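Novice: Residue numbers (our numbering), protein chains in the order written: chain A, 1 to 344; chain B, 1 to 344; chain C, 1 to 344; chain D, 1 to 344.
Derived by calculation from the structure, the hints in this document are not laboratory data. From a predicted model like this one, the values you see are computed outputs, not experimental measurements. Be careful, since some hints might not be right.
In silico DSS-like cross-links for lysine-lysine, where the CA-CA straight-line distance does not exceed 25 Å [what the hints assert, rightly or not]: (1) C:K73 to B:K234; (2) D:K55 to A:K283; (3) B:K55 to B:K10; (4) B:K283 to C:K283; (5) A:K283 to D:K231; (6) D:K234 to A:K55; (7) C:K312 to C:K234; (8) B:K55 to C:K234; (9) D:K55 to A:K234; (10) D:K312 to D:K234; (11) D:K231 to D:K283; (12) C:K73 to C:K10; (13) B:K234 to B:K283; (14) A:K10 to A:K55; (15) C:K231 to C:K283; (16) A:K283 to A:K234; (17) B:K283 to B:K231; (18) D:K283 to A:K55; (19) D:K10 to D:K55; (20) C:K10 to B:K55; (21) C:K234 to B:K283; (22) A:K231 to A:K283.
There are 4 protein chains.
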Amino acid sequence: MLALVAHAAKDLRIEERPVAAPGEGEISVRIALGGVCGSDLHYYNHGGFGTVRIKEPMILGHEIAGVVEAVGKGCERIKVGDRVAVNPSVPCNRCRYCLEGRQNQCLDMRFYGSAMRFPHVQGAFRERLVCWEAQAHLAPEYVSLEEAAMAEPLAVALHAVRRAGSLTGKRVLVSGSGPIGALSAIAARRAGAAEIVVTDIADGALAFAGRIGVDRTINVARDPAAMDSYKADKGYFDVLFEASGAEAALRVGLEVVRPGGVIVQLGLGTGETTLPINLVTAKELELRGTFRFHEEFALALEFMGRGLIDVKPLISATVPFADARDAFELACDRSRSMKVQLAF
Amino acid sequence: MLALVAHAAKDLRIEERPVAAPGEGEISVRIALGGVCGSDLHYYNHGGFGTVRIKEPMILGHEIAGVVEAVGKGCERIKVGDRVAVNPSVPCNRCRYCLEGRQNQCLDMRFYGSAMRFPHVQGAFRERLVCWEAQAHLAPEYVSLEEAAMAEPLAVALHAVRRAGSLTGKRVLVSGSGPIGALSAIAARRAGAAEIVVTDIADGALAFAGRIGVDRTINVARDPAAMDSYKADKGYFDVLFEASGAEAALRVGLEVVRPGGVIVQLGLGTGETTLPINLVTAKELELRGTFRFHEEFALALEFMGRGLIDVKPLISATVPFADARDAFELACDRSRSMKVQLAF
Amino acid sequence: MLALVAHAAKDLRIEERPVAAPGEGEISVRIALGGVCGSDLHYYNHGGFGTVRIKEPMILGHEIAGVVEAVGKGCERIKVGDRVAVNPSVPCNRCRYCLEGRQNQCLDMRFYGSAMRFPHVQGAFRERLVCWEAQAHLAPEYVSLEEAAMAEPLAVALHAVRRAGSLTGKRVLVSGSGPIGALSAIAARRAGAAEIVVTDIADGALAFAGRIGVDRTINVARDPAAMDSYKADKGYFDVLFEASGAEAALRVGLEVVRPGGVIVQLGLGTGETTLPINLVTAKELELRGTFRFHEEFALALEFMGRGLIDVKPLISATVPFADARDAFELACDRSRSMKVQLAF
Amino acid sequence: MLALVAHAAKDLRIEERPVAAPGEGEISVRIALGGVCGSDLHYYNHGGFGTVRIKEPMILGHEIAGVVEAVGKGCERIKVGDRVAVNPSVPCNRCRYCLEGRQNQCLDMRFYGSAMRFPHVQGAFRERLVCWEAQAHLAPEYVSLEEAAMAEPLAVALHAVRRAGSLTGKRVLVSGSGPIGALSAIAARRAGAAEIVVTDIADGALAFAGRIGVDRTINVARDPAAMDSYKADKGYFDVLFEASGAEAALRVGLEVVRPGGVIVQLGLGTGETTLPINLVTAKELELRGTFRFHEEFALALEFMGRGLIDVKPLISATVPFADARDAFELACDRSRSMKVQLAF
C-alpha cells in the first residue's frame, strides 16, 4: 500500500507501507479522496508551524473519505461497501477535558497526520486505512465522496461558528478567503448571519467567496480604504471570523468590530502577533480561539445530506495521488486553487 | 377614513374615523395590507384573552404595510411614495427596561391594537395611519407589500429563535403549525437548525408547514404514538418552540426534549396550564418565555430583502377590507387558511 | 454490620447486612455521620415520590462522611485513617450525557439510596460502606465530619446556583427554608447575591434562615401581603430559587420575578403543578430545572475548608443510629429541625 | 473655589475656579474626598495614554464623595446634607449603545476628568461640584465617605467580574496588585471564586493583597518559576483578571489559563502588545475587554453598605488637598501606597 510521507520541508515522498487487518471494533477503508489542508501545507513548506515540527517521517492527511473494505469483530453499524467519511480525531474520552465534553482539548488526543505529539500520529493519505468503527460516518445519499472528504474542514468551520454564539441576524466579517474562511462564511450563513463580508489580499481567493453567496468581497491589499466606513461609531460588525492568521487582518478587525463584538480566531499565524490591545479593553471585545471540532464532524455530513450546505463550489481540483507534489504546489497557489483533493 | 373596530366579542364594525395630518417627526401612511393575527382573533372571538379585555371600541390590527402619503416636519429618512412596513411597537426608551435594551418589556409600551392598557392603543386596520417616522421601515426592493406586512409576525418568530440561543445543528420541534409556529420553523431553519419536526392537530395547518421545508410533520391528534420514539434516552430534541398554547403540547414537550434542552414558549394559552414539573427539575429543562420583538422587525425585512427568508407560502388569502368579517372567519378556520391579509 | 432499611412507607428497620472487603480501586469507610435528606423522608413517609416507589427493601441514605478503614489494590490517593466525605453519585462516564460533561444526567447513573432504577441502588446509612476510591473526598483540616456529611446537600445547592448563571449583585428570592433552601441561600450569598429574601410557611424553618445572614425572612402563610411590594413594575427579583416544591410558591414567583428573570426549580413537588403560564411568556421568564450535582461535591468541601461557607448553623440535631426512627420523625417536624444527622 | 488642574505632564496646579449654582435637576456637592486613579497618574506622568492626550487645562479626578450643599429645582431624591458618592459617568441614554443597555460604550459619553473628547470633560478634584441628581448615590449608613469615594474603582472591578460570567467555584488569577487588581480580587471573592492567586512585581503591592484574603501572592519578578506548576495539563486557572497592563503578565496568562478559560483584560497598557496568539486559538481561550462600569456604581455602595465588601484595607493614605502633588507622587510609589485619597 502506498502512502504520502513528509520527511522534512519540501521533502514529500510516496512510499510503501504494510497493509493491516482491522482488529476488534476496527474497520478498513479504501481511501478514495483526501483534501489537502493548510496544516499539510505547513508541514510541506516549513516542516511544521510554531513549535510543532516534523521529527520523524509522517504520513500526512486527515480530510478523507472512502469505501469500507473490511470490518473487524464486533462492528455493527458499519458494513463492507459503505461509503464513509473518517473522523481523523480520536480523543481518549477519559481525561478531564473529555469528561467535560471538551474532547477537542483532550490531553491524550490522537489526530491523524499531526506532529504535535511524538511519536507523531501517522496520517491518512494512504490507499488503505484501518480505524475505529466509531470514526466512520456514513456519507448520506446524494453526498459524493468528494463532498464527504470536506466533512473535516466544514466541521472546523461549524465549530468556529458555534464558538461565536448565536449568529441570527448578525453582521459577519470573514478575513481570509481560503478554504477555512470560505467554509466559515458558508457556515455563518447557515447559522443565520444577515450580512457577510469576506476580505483577502488575493482576487483569486475572493472569486471563490463570490460564488458561495456572500454579500461583499473586498481585496484589502488593493483597496484598504474600503474598510474605513466600517469603523464609524466604534465599529460595524458583530462578529469577525479571523481565518487568515495575518496580524494586519486582526488589527483591522479590532477597529471594525463593534463594542461587545466577538472575534473568533481560527487562523494559526506564524508566531508572535502585535496588537493595540487597548482597543480590546476599551471596546470590550471578545477574542475567542477555536480549535478543530468534535460532534461537528457528524453535523457537517448531516448538513450536506439534507441539502442545507453545499461545499462543491470550493473543491477546485482533484489530482491523482501519484501527482501529490503537484497537488501540494497547486494548493499553495491561492490564485488558482481553493480546496485541492487527492484521488487515490 | 374607514377603520375596523372591535366593540366586543363577535362585534366587528367598519366605521368612519377622522383623518389626521402628520405632526413633527410623523408620517402618514396609506395602508395597503394588514395581516390578521392570533391576538386579533382572540379579540374577535372572545373579546380578549386572560385578563386583557376590550373595555372600549378598539381598532384592531398591527401587521401592516403601505405607501407613504405625507411626511411631517423634520422627517429625513422617509419620503412620500416610499413603500414601508410599520412597526406597531412604540416603547418609551426611558424606563428601566428600555435602558437595559429590553424594549419589548417597556413599562409604558404603546402597541397597536392592544387592550393591555386603558385607554386602549388603537390599531392599524384603517385606510390611513399617522405614525412616527422611526416606526417606518422601507420594504426592500423585490419585497412586495404583502410580504412587508409579514414583517411583524416574522419578527416575533425571530425574537423567539434568538431567545433559544444558538440553533446551529440543533434538533428542533415546533408544536403548533399556525402562522407563528410556521414562521418559527422558517426562522429556526434560517438560524441553523439541522432537523425540524412540526406537530399540530390539523392536517390543513400541517400542509403549509410541509411547503416550507421542514423535515417531518406529525398530526399528533391522529398519530400520538409518533412522538414515542423521541422519548427514548430522556428525549431527542434540543429545542421546542411551543406555538400552540395547548397544555397537551407542552406536556409532550417535557418528555421529548432532552436533558438541558430549551423550551421556548410562544403560545398564549387560555389561562391555567398543568404540568408534571418534576420533569423540568429532573431533566434540567429550561422553559423560556418569549414576547413580541424589538430590533427583529428591521431584521425581518432584511432577511426577506436578501432572499434569505421566504414568507410567501404562508400568505393563504388576501381579502378586501370591506369583507373583513369574512376574513376573520376564514382566519379562524385552520383547515383552509394560514395567514389571511386584508387589502385596503 | 447494621444498616437502615426502608421496606415501605413508615416501615423502617435496622437490619444486619454482611460486611464486604474492598476490591481493586475500592475502599471501605467506617461511616460516622449520615444526614437525613428530603428524599429519604419521601421514602419514609410515602414509600417514594411521583413514579419512583420502593419495590424491594432498600438501605436509605446518601449524605455521609466517615473514616477510611481499608483500601483495596491500586488505591493511591486515599489512605487508611483518612477522614472522607463520600460522593453518593456514580455516573458511568461513557454514555452520551457523561461525554458531554453532564454526568448528573447519566443514562446509567447509580446513586445511593435511590429507587429510580430496579434493582434499587442500596444506600449508605450503614456502619461500613465499600465504595470506589474516586468517590471519596478528603475532609479538609478544620472541617468536622458533621460538616463533611453536609457536602452532598451543599453540592445540590451549589449546582442550583450555577444553573442560575452569574449572581453577582443580583436580588434573590428563596422559597422554602428547609435544608436545600437554606443552603441555596448560603450558596447564593457566596456567589455574590446582593440581597436575599427567604420565604416559608413555618416560623421554625425561617428562624434558621435568619441565622445564616439573609436580608429578610417572610412567613407567607401569615403575611402573604408582604410579597405585594415585590410585584410592582413587573417584578423585583432577578432570580428565584424555588426549593419548596409548592405550587403556591412558584405562582407567587411568577409575579415577583422581573422580566427576563430566572427561576431555578429545585423542589420536587408531589406531581402536577398548575401555572398561569402566560406570565412566563409575557415576562420572558426562564424556568430552569436543577438536578443533583457533579463536580460541585468537591467544591462544597473546598468552600468549607477555606472558611468561605459555614453550614454548621443548619445542623440541628445529631441522633444515635439506634434511634433512627426518632431522627426521621424529628426531621419531618420543620418547627424543630433543619438538618438531622444520624451518628453511627 | 479651588480645583486641581493638569496642564501637561508633571504640570499640576491648584487653581481658582468659579462656583456654580445647581440648575434644574442638579445638585451641588461639597467634595470631601477624592481618590487618585491610575488614569489620573497617566495624565500626571505622561500627559495622557495612547492617543488620549491633554490638549487644554483639565481638572482631574473622578473618584469622589462629599456632602450635598444645595439642590436645584425638581430634585426629589437627594436632600441638602446627604452624604453621597458621585458617579462620574454621564451617558446620553439616547445613542444606539445606550438603548442596548451598554451605557459604558455611549457614543456621547461625558466622563469626569477625561481627555477622550475635546473640549475635555472637566474632572471632580475641586471643592464644589455641580452634577445631576441622578449621579448622586447615598452613602449607606456605616459607610464612611472615604469608602464611598471607593465606589467608582470598585464599580470597575465589579463590572470586570461580571464580564467574566459566573465565578462560583472558579480558580482565579489576578495579575497586577494595584488598586484595580486588588479590588478585582475582592470582587471575585464576593462573586464566589474558590481560589484566588495574585501576582505582581512589587512586594509592597502584594502585601496589600495579602490583607484582603487571597489564597496566595506571588512576586513574579523574584520568583517567575512559581508559575510553572500552573502550566501543567494546559493550564490551571479558569479566569485571569489582567490588571497590570503588562505584556509579560498576559503572556504568562495564556499559559496558565486552562482551555476554554477566560482572560478579562482590565489593564490599559502603553500601546502595542505582542502575543503568541496561537495559544488563544489552540486552547480556545477567551480574551475579553472590560471598560468602566454602569449600574455597578450603585452596586458597589450596596455591597459596602451590607457589609459584604470591605475596601478599607486598600485606602493607604489620605492627603490634604493642598498637598495634591505629594499625593500624586505617593500614589506613583507602589512600594508605599495602594489607594491614595485627597481630603478637601
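Novice: Can the restraint linking K55 of chain B and K10 of chain B be considered satisfied, given a maximum Cα separation of 25 Å?
Specialist: 14 Å, holds
Novice: Within 25 Å, alpha carbon to alpha carbon, are K10 of chain A and K55 of chain A?
Specialist: 14 Å, holds
Novice: Does K231 of chain D lie within 25 Å of K283 of chain A when you go C-alpha to C-alpha?
Specialist: Answer violated: K283 of chain A to K231 of chain D is near 29 Å, above 25 Å.
Novice: Would the pair K234 of chain D and K55 of chain A pass a check requiring their Cα atoms to be no farther apart than 25 Å?
Specialist: 22 Å, holds
Novice: Quick one, are K234 of chain B and K283 of chain B close enough, alpha carbons at most 25 Å?
Specialist: Cα-Cα ~8 Å, so holds.
Novice: Taking only the CA atoms, is the gap from K73 of chain C to K234 of chain B under or equal to 25 Å?
Specialist: Between K73 of chain C and K234 of chain B the Cα gap is close to 37 Å, so the pair fails against 25 Å, i.e. violated.
Novice: Sort out whether K283 of chain D lies within 25 Å of K231 of chain D, counting only the CA atoms.
Specialist: OK: K231 of chain D and K283 of chain D at ~12 Å, within 25 Å.
Novice: Does K234 of chain C pair with K283 of chain B here, judged by a C-alpha cut-off of 25 Å?
Specialist: Not satisfied, since the Cα-Cα distance of roughly 29 Å exceeds 25 Å.
Novice: Next pair to validate is K283 of chain B with K283 of chain C; report whether the Cα-Cα distance is within 25 Å.
Specialist: 23 Å, holds
Novice: Please work out if K283 of chain A and K234 of chain A have their alpha carbons no farther apart than 25 Å.
Specialist: Holds. K283 of chain A to K234 of chain A sits at ~8 Å (cutoff 25 Å).
Novice: For the pair we were handed, K283 of chain D and K55 of chain A, check the Cα-Cα distance against 25 Å.
Specialist: Roughly 23 Å between the alpha carbons, so the hint for K283 of chain D and K55 of chain A holds.
Novice: Mind checking the alpha carbons of K10 of chain C and K55 of chain B for me, to see if they're no more than 25 Å apart?
Specialist: Distance of about 57 Å is beyond 25 Å: violated.
Hints 1, 5, 7, 10, 12, 20 and 21 from the earlier list are contradicted by this structure; the remaining hints agree with it.
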